[in-house]
Amino acid sequence: MAIDAATVRKVAHLARIKTPEDRLEPLAQELNGILNWIEQLNEVDVQGVEPMTSNVAQPLRLREDVVTDGAKVDAVLSNAPKSADGFFVVPKVVD
Amino acid sequence: MSDNKTLIKGRTGDWEIVMGLEIHAQVASKAKLFSGAAVGFGAGPNEQVSLVDAGFPGMLPTLNKHCVEQAVKSGLGLKAQINLKSQFDRKNYFYPDLPTGYQISQLYHPIVGEGVVEVEAEDGSFFNVGIERLHLEQDAGKLIHDLSPTESYVDLNRAGTALMEIVSRPDIRTPEEAVAYVKKIRTILIYLGTCDGDMDKGNLRADVNVSVCRAGNYAKFKETGDFGFLGTRCEIKNVNSFRFISQAINYEARRQIEILEDGGSIIQETRLYDPTAGETRSMRSKEEAMDYRYFPDPDLLPLELEQAWIDEIKANLPELPDEKRRRLMADYGLSQYDAVVLISEQAKADYFEAAAKGRDAKLVSNWVTNEVSARLAADGKDFSENPLPAAHVAQLVELIETNVISSKIAKEVFDYVWNGEGSPAEVVEKHGLKQVTDTGAIEKAVDDIIAANPDKAAAVAEKPQALGWFVGQVMKATGGKANPAAVNDILKSKLGL
Amino acid sequence: MSDLTKLTLKDAVDGLKAKTFTSEELTRAFLTNIEASNPALNAYVEVTADKALEQARASDARLAKGEGGALEGAPLGIKDLFCTEGVQTTAGSNMLRGFVPPYESTVTANLWRDGAVMLGKLNMDEFAMGSANETSAFGPVKNPWKAKSSDAELTPGGSSGGSASAVASDLCLAATASDTGGSIRQPAAFTGTVGIKPTYGRASRFGMVAFASSLDQAGPITKTVTDAAILLKSMCSFDAKDSTSLDIPTPDWTQSVGQSVKGLRIGVPAEYLIDGMSEEIKALWQQGVAWLKAAGCEIVEISLPHTKYALPAYYIVAPAEASSNLARYDGMRFGHRAEEFSSLDDLYAASRAEGFGKEVQRRLTIGTYVLSAGFYDAYYVKALKVRRRIAEDFDKVWGSVDAILTPSTPTAAFKLGDKQIDPLTMYLNDVFTVTTNLAGLPGISVPAGLSSDGLPLGLQVIGKALDEATVFQVAAALEDSAGFVAKPAKWW
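Residue numbers (the working numbering), protein chains in the order written: chain A, 1 to 95; chain B, 1 to 497; chain C, 1 to 492.
It should be emphasised that the hints constitute simulated quantities derived from the structure, not laboratory data.
Errors might be hidden in some of the hints.
In silico BS3-like pairs for lysine-lysine, Cα to Cα no more than 30 Å straight-line [said to hold, decoys possible]:
hint: 1; chain 1: B; residue 1: Lys91; chain 2: A; residue 2: Lys10
hint: 2; chain 1: A; residue 1: Lys18; chain 2: C; residue 2: Lys358
hint: 3; chain 1: B; residue 1: Lys381; chain 2: B; residue 2: Lys408
hint: 4; chain 1: B; residue 1: Lys91; chain 2: A; residue 2: Lys92
hint: 5; chain 1: C; residue 1: Lys241; chain 2: B; residue 2: Lys91
hint: 6; chain 1: B; residue 1: Lys142; chain 2: A; residue 2: Lys92
hint: 7; chain 1: C; residue 1: Lys415; chain 2: B; residue 2: Lys85
hint: 8; chain 1: A; residue 1: Lys10; chain 2: B; residue 2: Lys381
hint: 9; chain 1: A; residue 1: Lys72; chain 2: B; residue 2: Lys30
hint: 10; chain 1: C; residue 1: Lys293; chain 2: C; residue 2: Lys396
hint: 11; chain 1: A; residue 1: Lys72; chain 2: B; residue 2: Lys220
hint: 12; chain 1: B; residue 1: Lys314; chain 2: B; residue 2: Lys184
hint: 13; chain 1: B; residue 1: Lys362; chain 2: B; residue 2: Lys408
hint: 14; chain 1: C; residue 1: Lys419; chain 2: A; residue 2: Lys18
hint: 15; chain 1: B; residue 1: Lys456; chain 2: B; residue 2: Lys492
hint: 16; chain 1: A; residue 1: Lys10; chain 2: C; residue 2: Lys419
hint: 17; chain 1: A; residue 1: Lys82; chain 2: C; residue 2: Lys6
hint: 18; chain 1: A; residue 1: Lys10; chain 2: B; residue 2: Lys142
hint: 19; chain 1: A; residue 1: Lys10; chain 2: C; residue 2: Lys241
hint: 20; chain 1: A; residue 1: Lys72; chain 2: B; residue 2: Lys201
hint: 21; chain 1: B; residue 1: Lys85; chain 2: C; residue 2: Lys419
hint: 22; chain 1: C; residue 1: Lys385; chain 2: B; residue 2: Lys85
For each label pair, taking beta carbons as the anchor points, the in silico distance ranges come out as [as the list claims (entries may be wrong)]:
hint: 23; chain 1: A; residue 1: Pro26; chain 2: C; residue 2: Ala489; range: 52 to 60 Å
hint: 24; chain 1: C; residue 1: Val100; chain 2: A; residue 2: Gly86; range: 14 to 22 Å
hint: 25; chain 1: C; residue 1: Ala270; chain 2: A; residue 2: Pro26; range: 32 to 40 Å
hint: 26; chain 1: A; residue 1: Pro59; chain 2: C; residue 2: Ala489; range: 52 to 60 Å
hint: 27; chain 1: A; residue 1: Asp45; chain 2: C; residue 2: Ala270; range: 42 to 50 Å
hint: 28; chain 1: C; residue 1: Asp422; chain 2: B; residue 2: Asp198; range: 56 to 64 Å
hint: 29; chain 1: A; residue 1: Asp22; chain 2: C; residue 2: Phe238; range: 14 to 22 Å
hint: 30; chain 1: C; residue 1: Phe238; chain 2: B; residue 2: Gly130; range: 51 to 59 Å
hint: 31; chain 1: A; residue 1: Pro59; chain 2: C; residue 2: Ala18; range: 42 to 50 Å
hint: 32; chain 1: A; residue 1: Pro26; chain 2: B; residue 2: Arg243; range: 52 to 60 Å
Short derived list, chain C residues pointing at chain B, Cβ under 10 Å [unchecked claim]:
hint: 33; residue: Lys65
hint: 34; residue: Leu81
hint: 35; residue: Phe82
hint: 36; residue: Ser213
hint: 37; residue: Thr254
No residue lacks a Cβ here, since even glycine has one placed at the ideal position from N, Cα and C.
Work the whole structure out from these sequences, hints included.
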C-alpha cells in the first residue's frame, strides 16, 4: 500500500494540515518508510482475536441526569481568538 | 398497498420511489449526553456550555444514565432489539459547530438493533417499516450567519445534547408514507416521554434517503435483498416539517427521474431542501472529504446494560399508541378510524377517556375529534394545552343522551361553554336551551302548522320527502328546542304516514 | 541554603514537618537554582515564582499549626501537559502558546490538596510526541549529564525531558510526568532518576492534554523509589470525570519500599534481548538479575513472543488516537489561528500547519491515514488485535512470575540532534517501554549504573495490573543493590 504524493495531499486535507506541494513527495517517502516498517504486523496470526480498544476491563460508568455545569460563558470564551456578544466568531461559513 | 399508488409516470415508463429515513430525535433530558451542562431552548449564547462541550484540552466525556434509559425505552417502543453491549465511536470531521473535531456516535455497535413500526396510512390501511437501528449521538452547535456580513457566530448551547438517530429500512414508498412514518415515530417517542417531538425547535428532524428505480425492481429487491435493484440514493438533510418532507421527496424523485430519463446517472450525495425555492440543492462542499474515520472512542469504555434493568424499564413502559388504539376499539367499540384519530396525540386520547366514562363513546369521540380539536387548532394549541375540562364534554354528551338538549342545540351550548360561560348544564339553564319534550306543546305546534298548510299536508302522503319541511317548521316554531324524534313521531301520526 | 535542593522529597517533607526549614526557604532555594540553571538546561517553560511563594507561605502557616498534607510545602515541577488554572499550559506547542486553562487537572489538584508547591511548568516534546525533547516549540531540554568522552549536549529523553532534567539537576524536589509509550521511563533512565508509569486508570486523565487516550498515563519522576511511591500516591485517585479512571483505593506504596524480595519470582523475557543491544546494556541487565538473585528472588526465563510487534502496533494506535484527539486544535475556540487564509478550510489547514511542529504533523498524518477509508481494518483493527496478543503474552506469564525485569532503554542518552534524521531510529527508543502502555501495566525505571562513558542507565521493572506494590518492592531492592549515588558534574 505505497503512498504517493496524491495520497499525502488527500490525507493532509483530511487532517487539515496545509502542506506545500514540494513537501508532498518527501512526506510520501517518509510515510512509506514508516508504513513499510509497520507491515511486519502482518506476520502476527490474529485469527479470532478481539481488537483491544482499552486496557480497562470494566463497563462504562453512568452519571445521573443532573445539571452540574455550564453558565460559564466567560471561561468558555476566555481563550477565543475572536469572540463577540457571547459568541465565538469565525470566518464566514458558506454551506 | 396498491401498486399504482407507488408508481410515478415518466416519459420513458413507470418509476418507483424507495426511501429510508434517518430521524434525529433530541433526547428529553436535563443535562447533556456527555457533560453536566443544561439542555434547553432560549438561553443566551454559550450559556449552556461546559468546557467538555467546548472541547477544551484534557476534557473528557462521561455518559448520562438517563439518556441511555431514554434510548432503551425508545428501542422497546419500536419493538426493537436492545443490545446489552454497545460502544461509542468517533466520527471525525472539521466544522466550526463541532468543537472537538469529532462527533461521538455509535457506528459499529449501536445500543438498539432491529425493530419494526406499524404505521397507519391515510386511507386507514397499515404498513410496516423496518427499523435498522437506533443509536445515541451528540448534536452539534449552531452557526449564526446573519450577525455579520463577513463572519459566522458560533453558539455551542446545542453542542453535546443527546440525540437518538433512528434509521429505517428502505421500506417507505410514497411521500405520504414518509410523512405518516415520521408522525408515527414522533407519536411513539412523545408517548414514551423520550423526545418532546417539537419540530419547530428542531428537536425532531429527518434525513430522507431517496432513490428511484424502474417499476417492479423494488419487489425484486425485497425478494433478493440485493440493493443492486435499487437506484443510487441521495440524502436530503435535516428536513424539519411534515410539509417539507413531502415536498422535498416529490421534488427529489422528479429530479432523479428526469436525470435518468435523459440518460444521466445519479451521484450519491448529500442535498439540502430549500423550502423557499421548493427544490433540493447539492451540498458538495461538505461532500468532498466525506471520510469520517470512525473508530471506537478511547475515552469511553463499552456500554454494558443489565437485562434486569431493561426488564424493569419494559415493565414500566406507558401504553403505546398501537396498544391504545386496540384497547380503545375493544373497550369503547370505536371504529379504527376514530381510534387512530384519538391516539395521534396522547393527551387527546387521555382526554377522550376521561370524558367517555359511562357515556356514549362514539358521541364523545365525535365531540373530541371534531369540535374540541377544531377549536384548539384555531387557537394554535394542542390537547396538552386544552382549557376545556373533559367533564364538560362528558356533561354535554350526557345532556344529549338524556334528551335535555338536541345535537343541534348542543353546538350552541358548546360555543358558550368554550367561551367560558360555565358548564354545559349551567349554560343550558342560563340561556333556556332545554329541549321541548312536552308532547302537548309539540302537538299544538304540529296542529297549527298542518292547519295553516292543508295542501302541503295533503301532498305529503304522495311525497314522504316533504316531511322534512314540516319538521323544519315545527323546529322553527319551537325555537329549535323541540326534541326532533318527538316531532317526527307526532308529525307522522298526524299526517297519517 | 542551596543544599536544600539536593534533598529527596521524603527528606524535604520530613524536614518541613520537623520545622528544620520552611517551605519558603526551600522554595526560594529552588527558584534561585532555576534562575541560575534554566537558561542553560531549558527545563522550565514557565516559572511561577509568585504563585510558588504564595503556596509556600500558606504551607508554612499550616505546618506551623502542625497541619498539612503528605506533600505539604514540597516544591514540585509540573509537566506542561497538565492544565493548571490561570497558568499558561502549552503541551510544548505553538498551537497552545498563551493558552490559559480556566480549570485544573485532577492530578495537579490532588497535589495542591496535599500541600505541594508549584515552581513552574516543565518543558516537553510537543504534545508528548517525541523521545528526545527536540520537538518542543520552546527548544530542546538539555540533559545535565554529559559523557566523559565528549562535551556534546545530550538529550534528557522525552517526552518528559523537562521533568527528568529538572529532577536530575535539583531544579525541583520531584516532578509530574506522563507516559504514552515510555515518556516517563526513558527520560528517567537517561538522567539517573526514578520514573514510574502506574497501571492505566490509576491516575485521572482529566485536565491532562491528551496524546493517545488509551495509552496516556500520568506518573512521577523523582530522585528515589521512595519519593516515587510518595508522589504517585498523591497523583492517583478515582475520578468520576474520567470514564477510564479505576474506582479503587490508592495504596500506601511506601510500605512496599524496603520489604524483602525474598521468594519473589522475577521473569526475564528472552525477546528483550534485541539485535544490536549494546554489551553495556546486556551487562547491566545481567547485573540486575544477579542483584535480585542475591536478594533471594527466583529468576524465571520467560517468553513474551509478540514483543517485537509492540512498537509498530503502537505507531498505529497512538497516532490514530492523536489524529482525533488533536482535531480540537483548530483555531476556532482557543489556540493559534492563522492570520492569512482564503477560506474556512484554508484557515483550519493554515492554523494547524503553523501551530503544529513537524513531528506532530507527521504523526497526525499517519494517524489520519490508518483510520481512513480502506485502511481502517488493515492497519487500525489489525494493530488492536496485535495489542491484545501483547497483553495476552503478559497474562500468560503472570502465573509463573511476580514481576519482570528488563532494561529501560536500548542505549544511554544520545546527542541532541543525533536521531532527528530518521524517525524510525528515534521510535526505537521506546522498544522496551511501549509494551506496558499497550497492556496497561505498571512499569518503573530505576537508575542502576553508569555506562563506560559515565552516563546513567536504567533497569525497568514491570508488574501485574494494579500491583505497583511489587513493582516498588523490586525497584527498591534494585536501588538498594545498585547504590546509585552519582550526580552529573555541573557544567551549566
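How the hints compare with the structure:
no. : hint                            : in the structure
1   : B:Lys91 / A:Lys10               : holds, 18 Å
2   : A:Lys18 / C:Lys358              : holds, 12 Å
3   : B:Lys381 / B:Lys408             : holds, 26 Å
4   : B:Lys91 / A:Lys92               : holds, 24 Å
5   : C:Lys241 / B:Lys91              : holds, 22 Å
6   : B:Lys142 / A:Lys92              : holds, 13 Å
7   : C:Lys415 / B:Lys85              : violated, 50 Å
8   : A:Lys10 / B:Lys381              : violated, 53 Å
9   : A:Lys72 / B:Lys30               : holds, 17 Å
10  : C:Lys293 / C:Lys396             : holds, 23 Å
11  : A:Lys72 / B:Lys220              : violated, 57 Å
12  : B:Lys314 / B:Lys184             : holds, 20 Å
13  : B:Lys362 / B:Lys408             : holds, 17 Å
14  : C:Lys419 / A:Lys18              : holds, 26 Å
15  : B:Lys456 / B:Lys492             : holds, 14 Å
16  : A:Lys10 / C:Lys419              : holds, 29 Å
17  : A:Lys82 / C:Lys6                : violated, 46 Å
18  : A:Lys10 / B:Lys142              : holds, 28 Å
19  : A:Lys10 / C:Lys241              : violated, 36 Å
20  : A:Lys72 / B:Lys201              : holds, 24 Å
21  : B:Lys85 / C:Lys419              : violated, 45 Å
22  : C:Lys385 / B:Lys85              : holds, 19 Å
23  : A:Pro26 / C:Ala489: 52 to 60 Å  : violated, 41 Å
24  : C:Val100 / A:Gly86: 14 to 22 Å  : holds, 19 Å
25  : C:Ala270 / A:Pro26: 32 to 40 Å  : holds, 39 Å
26  : A:Pro59 / C:Ala489: 52 to 60 Å  : holds, 54 Å
27  : A:Asp45 / C:Ala270: 42 to 50 Å  : violated, 19 Å
28  : C:Asp422 / B:Asp198: 56 to 64 Å : holds, 59 Å
29  : A:Asp22 / C:Phe238: 14 to 22 Å  : violated, 51 Å
30  : C:Phe238 / B:Gly130: 51 to 59 Å : violated, 44 Å
31  : A:Pro59 / C:Ala18: 42 to 50 Å   : holds, 47 Å
32  : A:Pro26 / B:Arg243: 52 to 60 Å  : holds, 56 Å
33  : Lys65                           : violated, 34 Å
34  : Leu81                           : holds, 8 Å
35  : Phe82                           : holds, 8 Å
36  : Ser213                          : holds, 4 Å
37  : Thr254                          : violated, 29 Å
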